[in-house]
Amino acid sequence: MTQTNEVLLSVRNLSVSFTTEDGEVNAVSNVSYDVRRGQTLAIVGESGSGKSVSSLAIMGLLSGKSAHVSGEVEFDGQQLVGADPEDVRKLRGSRIAMIFQDPLSALHPYYKIGDQLIEAVQVHNKVSDADARKRAAEMLDRVGIPSVEQRLDEYPHQLSGGMRQRVMIAMALINDPELLIADEPTTALDVTVQAQILDLLRDLQKEFGTAIVLITHDLGVVADLADDVMVMYGGSAVEQAPVREIFYQPQMPYTWGLLASIPQVHVDSTRLDPIPGNPPSLINMPTGCVFAPRCTYKNQVPNNLCATTKPDLETTSSGHSARCHLTAAQRDAIRLEKNIGRSN
Amino acid sequence: MFPYIIRRLGLMVVMLTLLSIVTFLLFNAVPTDPAMLTCGKSCTPELVAANRIRLGLDQPLYVQYIDWIKAIFVGRTYGSGTQTFPCNAPCLGYSFRNGEEVTVMIKAALPITIYLALGAFVLWMVFGILSGIYAAKHHTEWQDRVIMGVALVGYSLPVFFIGLVLLIFVVVRLHLLPYPDYVAPQTNPVQFLQTMILPWISLAILYAAYYTRLTRSQMLETLSEDYIRTARAKGLPESVVVRKHGFRAGLTPIVTSAGLDLAGLLGGAVITEYIFSLPGLGRLSIGAVTEYDLPTITATVLVAATFVIVANLIVDMLYAAIDPRVRLS
Amino acid sequence: MSESTPILRVRDLQKYFPINSRGFSRRHIGDVKAVDGISLEVMPGETLGLVGESGCGKSTAGRAMLRLLEPTGGEIEFAGHDVMRMKKRDLVPLRREMQMIFQDPYSSLNPRQTIGSIIGAPFDIQGVKPEGGVQKTVQELMERVGLNPEHFNRYPSEFSGGQRQRIGIARAIALKPKLIVCDEPVSALDVSIQAQVLNLLEDIQDEFGIAYVFVAHDLSVVRHISDRVAVMYLGKIMESAPRELLYTAPVHPYTHALLSAVPIADPDRERARERIILTGDLPSPSNPPAGCVFNTRCWKAQDRCFSEAPVLREISAGHKVACHFPETGGLNAAAMTAPATGSDFSEN
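Residue numbers (this note's numbering), protein chains in the order written: chain Z, 1 to 344; chain U, 1001 to 1329; chain X, 2001 to 2348.
Worth flagging that the hints you see were computed from the coordinates, not collected in a lab. Predicted model only: the values in this text are computed from it and were never measured. Among the clues, some could well be false.
Claimed, not checked - Distance ranges between label pairs, derived from CB positions:
| hint | chain 1 | residue 1 | chain 2 | residue 2 | range |
| --- | --- | --- | --- | --- | --- |
| 1 | X | M2043 | U | E1221 | 49 to 55 Å |
| 2 | X | M2043 | Z | P276 | 44 to 50 Å |
| 3 | U | T1017 | Z | V127 | 54 to 60 Å |
| 4 | Z | G319 | X | A2317 | 29 to 35 Å |
| 5 | X | D2268 | U | E1221 | 45 to 51 Å |
| 6 | X | E2158 | Z | K90 | 41 to 47 Å |
| 7 | Z | V127 | U | I1322 | 26 to 32 Å |
| 8 | U | S1156 | Z | P109 | 32 to 38 Å |
| 9 | U | L1011 | X | I2019 | 29 to 35 Å |
| 10 | Z | P109 | X | K2129 | 51 to 57 Å |
| 11 | Z | S269 | X | D2082 | 35 to 41 Å |
| 12 | U | L1011 | Z | S269 | 55 to 61 Å |
| 13 | U | L1011 | X | G2133 | 54 to 60 Å |
| 14 | Z | D87 | X | E2244 | 56 to 62 Å |
Heads up, the beta-carbon is just placed ideally off N, CA and C, and yes, glycines get one too.
Build out the structure end to end from the sequences listed, making use of the hints.
So, in structure tokens, the structure goes:
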């Protein structure tokens, strides 16, 4: 399948809030992004950044009356927010699929691998058990599971963690979806198994032309797989750019902080430069920039602007936007001084 | 799986043996001399001594135990010479109260209790589970709150209250049903049903309330599991998600409770049997207790406990049937 | 004690978990060899990183060397004491010197105790009366680890994950120990918080001269914090070396594979580099392969590797490896020659 620039998923001003006993939790505020066919968008953030919630909202998986979803989500021309739940259900598992962090808890412990895969086929296709089983076997074989026939009759607990995640991937891709949402797909896995799974995802994407929304906190995984990156913090998208831009020309202090906090395996690091403080509570959001309370550079912006006014997502260069009151010149100076990214 | 069942059956035999010892000791632990109890109003020391020998109470304790156990399997004969009382297997002795064979009394009472327990069981399981699932599906909505409110009321009402209210309104005031008068179903099925329907309902209300709450909390727990999210992500219709993926996973604690509750009821539903004049095991054992009828007490305890042990075995085997992790580990 | 004497010396440490048959007899039918004969030394004030994938026995090893788990065999010498032969009762005063920090900041703190009493507990247990009283000392400790001392009377549930890990650290350093075994101390934390805690651990080490055994699966974190690193696989040490050497010139194929599996947060580098993708899964520690335990996944394995277990031997100063055919050409040479063919299935 050839890569096109056709937008498959277009999200505009997506907001998600939950009513809880403690008050209104604004998990996602005004997030907009596009995912193009066959491409990978990585959504990066720490826990509570809203990265998982936004995807569950797209899938229509935020059940219950307590979740309020607003904005627009257009999948291949079809509006999903406010759509008939039955229509969204028919998309799930057929055209939009999802894999999760912990494959052991994500697979049903009481049903055989084969039955769970067959079910995934039959819910969207009128095919016989035998044909569905054949399809399941093909798919397991494709994701690199040995002795497929035997595995089909085993239960999830009889497989290793890496095998289980392969089963999850096989189940997600069994109906050849156009979009795969992968929520921390390798976080629960060992590093050598993670390398296997990342490799597999890359191959499968090439083969099937699946667009991937990759939700992760691991910048290494982002660097490995992503075409575009959206950095989320406190429910907002704070920076969006092509992957090289995020790593080499980051524009937002939170992104700088993330890059400076991680030790790297290929260099000896002397001292890490962590972001001070703690992430914001989603109930009492700061009025200004969500990152202002932890931002080391807010004093460079006059009139206490960072604390009072939420910055807009501004385009800094083609395809690159960030939410920050610092001027371009200030950002360049800071990046140069702190040796962040790569100077061109 | 097969060795597991064998192992469990072996364990059951051990439990039953221990149980029989405890029950037997119970017989001997009462402060009153059993020989005295059998003696009647015009009692003389000679009569007591004679009874003691006839009942085998002059033997050492372990001999008495072996005789008692042997009697269950092969029967025994009390007394000797002309004064003999044969007791056929399974012999649990003669009632001190009316001189009847205990086995005969149990045989008469047991079916009534079984009918009562099974009927109520079916009712409460169906209603409890269905309303529990419904409430869980409508969690945080008014349907849930209504069901939980009703269940709370049902759960707080004592069974004698429910029974009496039903009896007074349905039978005494409204004459919708005749006065309860137990007959065996094969003798008169209509009268049997007319008699049993109110006891079934009054027992079932209490348990249904409990099972509604249990099912609801189980469903709420399993519906928040990751594999339920997976099932939804596959595009399964919500009804399939709830029934096939949710309910099966939440079933284990329900099966546990159901097994033990049913077993408990099979040992006798004392209050319900009293209110609706059902001559079941519960009434038999209470009557025996009030009159120091030791052979009947030990027999009813043995029967009730056997039910619980067997139910436990069945519950454990059901676990294995439900959860492959139990079966395959 | 001079700088050249190790504070902790472990010889041939073993920890087996027995597997019993089911049924009444509970016969002993085998062992999970979680730790199968590891030897290591920790110098005062240094950090030894113990790294490996899940199931390699690194956490068990960390606990066994403090006798928080009773080892099956081996020798442990801590600050001149023969820890293995000491009675449990005699160990209590020694515990002052060797502490532990746990992974999960949520479950390792008693939710019904205030922070003050959690951090102050070591004083009670050891019967130590600090100068100025327990409360004052505890508040100083809280301040030292970056907690607000006025939160003395709060409960663990009122703190975030990072703050709870600080509480755990304050408790561990309360009695100024000589050694702390840190079991995955930052793996439950978000990246921005992880860096704060790593810096705190480093500062405390500098200030008090505490030696760390740093047990972790994250190779980047281990590289950052360790002076020396030991790589474990299936209960055994595969390779150990000073940090720099291990990460730039590893010689064990497993170390190569492990390092090459870590994605680098730099897209150009990450996409250009060669990778060794190990095939298959970790064998069961209850039934490890004969010979070298890595032979089922090693692309260099030869007949000898299946018959004879390699011993950990020193190949240069401080650099030890357990391999019959160690690499010599450095990381890149290994990556270039490594074919991605597997024992039981192939990736491609």
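Within 51 to 57 Å: is that where the Cβ-Cβ distance between Z:P109 and X:K2129 falls? holds (53 Å)
Regarding U:S1156 and Z:P109, is the given constraint of 32 to 38 Å on their beta-carbon distance met? With Cβ atoms ~36 Å apart, the hint holds.
Range hint compliance [Cβ, X:D2268 to U:E1221, 45 to 51 Å]: Since the Cβ atoms of X:D2268 and U:E1221 sit about 47 Å apart, the hinted range of 45 to 51 Å holds.
Holds or violated: the 49 to 55 Å window for the beta-carbon distance between X:M2043 and U:E1221? Holds, at about 50 Å.
For the range 54 to 60 Å, tell me whether the beta carbons of U:L1011 and X:G2133 fit it or not. holds (58 Å)
Between U:L1011 and Z:S269, is the Cβ distance one that fits in 55 to 61 Å? holds (60 Å)
Holds or violated: the 56 to 62 Å window for the beta-carbon distance between Z:D87 and X:E2244? Between Z:D87 and X:E2244, where Cβ atoms are some 58 Å apart, the hint holds.
Holds or violated: 26 to 32 Å for the Cβ distance of Z:V127 and U:I1322? holds (28 Å)
Assessment of proposed distance window 29 to 35 Å (beta carbons of U:L1011, X:I2019): violated (22 Å)
Could you say whether the range 44 to 50 Å given as a hint is met by the Cβ separation of X:M2043 and Z:P276? violated (33 Å)
Okay, Z:S269 versus X:D2082 on CB: inside 35 to 41 Å? holds (38 Å)
Cβ separation of Z:G319 and X:A2317, checked against the hinted range 29 to 35 Å: violated (51 Å)
Checked against the numbered hints given earlier, the structure breaks hints 2, 4 and 9 and satisfies all the rest.
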